[in-house]
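Chemist: To convert, count from 1 in the sequence shown and add 3; that's this note's numbering.
Don't read these hints as lab results, they were simulated from the structure. Accuracy of the hints is not assured; some may be wrong.
Distance ranges between label pairs, derived from CB positions [to be verified]:
(1) E177 / W132: 37 to 47 Å
(2) P123 / P166: 23 to 33 Å
(3) V135 / G55: 33 to 43 Å
(4) L20 / Q102: 53 to 63 Å
(5) S139 / T24: 14 to 24 Å
(6) D18 / M62: 19 to 29 Å
(7) R86 / K178: 13 to 23 Å
(8) N17 / D95: 51 to 61 Å
(9) S29 / V135: 28 to 38 Å
(10) T115 / K27: 37 to 47 Å
The structure presented is a predicted model; accordingly, all values stated were derived computationally and were not measured. For glycine and all other residues, C-beta sits at the position ideal for the given N, C-alpha and C.
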Amino acid sequence: MSKRHFTLTEAQANDLLAAQTQTKHSPTCLRYQAVRLYGTGYAVAAIQDITGCGRTSLMEWCVAYQTHGLDGLRDHRAGGNCRKLTRDQVADLTGKLRQYTPRSLFGPEAATAGDGWTLPDLRRAIQQWYGVTYQSDTSYRSLFRRCGFSSQRPARVFRSRRPQAVLDFDDQIEKN
Numbered sequence: 004m005s006k007r008h009f010t011l012t013e014a015q016a017n018d019l020l021a022a023q024t025q026t027k028h029s030p031t032c033l034r035y036q037a038v039r040l041y042g043t044g045y046a047v048a049a050i051q052d053i054t055g056c057g058r059t060s061l062m063e064w065c066v067a068y069q070t071h072g073l074d075g076l077r078d079h080r081a082g083g084n085c086r087k088l089t090r091d092q093v094a095d096l097t098g099k100l101r102q103y104t105p106r107s108l109f110g111p112e113a114a115t116a117g118d119g120w121t122l123p124d125l126r127r128a129i130q131q132w133y134g135v136t137y138q139s140d141t142s143y144r145s146l147f148r149r150c151g152f153s154s155q156r157p158a159r160v161f162r163s164r165r166p167q168a169v170l171d172f173d174d175q176i177e178k179n
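Make the full structure from the sequences, and use the hints.
Modeler: Dropping the structure here:
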């Protein structure tokens, strides 16, 4: 059994506890707690039960704390996948989406036969206009919402419906 080389002084443990209670960011709070517990001698299995973190993450957090202190445990992700476009670009995009239809831009190569925008059409338009590509469809849906568009569900079409029977019915109604 290997000996633990990472231990905290009482002052360090108190600093981690104070930072843990002051932060409102849950992932950062969890890191503070996990490192504090590990540095004060808790077993890794117990820390995993308490925090739900993995052993590898715990060890990475301890190294980050040793090299950078409390700042090493903060979340440094930039985020903003949905913010690849500036506010001005989103305003411009909103105008363009209202001005053009996918058919008018892409012709018969548009993903939709109607006038409504679809995710593939939006993806293609944003790539063409701004040179931006998002990683997930969720980002495109968020962008639709930011532009003031709502999603529509296709109308229900019964699979057992026979097109010829519908046409005959419509003809019958027109005759009456």
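Chemist: Does each hint hold? Answer for all of them.
Modeler: Evaluated hints:
E177 and W132 have their C-beta atoms about 45 Å apart, which keeps the hinted 37 to 47 Å range intact. About 26 Å separates the C-beta atoms of P123 and P166, a value consistent with the hinted range of 23 to 33 Å. Checking the proposed 33 to 43 Å range against V135 and G55 shows it holds: the Cβ atoms sit about 35 Å from each other. Separation of L20 from Q102 is about 57 Å and conforms to the stated range, judged on CB atoms against 53 to 63 Å.
Taking the beta carbon of each, S139 and T24 are about 35 Å apart, not inside 14 to 24 Å as hinted. At roughly 20 Å, the beta-carbon separation of D18 and M62 lies within the given 19 to 29 Å, and the hint holds. In this structure, R86 and K178 break the distance hint of 13 to 23 Å, their C-beta atoms being roughly 58 Å apart. Our hint of 51 to 61 Å for N17 and D95 holds, since their Cβ atoms are close to 52 Å apart.
In this structure the supplied range 28 to 38 Å holds for S29 paired with V135, their Cβ-Cβ distance being about 30 Å. Distance hint check: the CB atoms of T115 and K27 are about 43 Å apart, consistent with the given range 37 to 47 Å.
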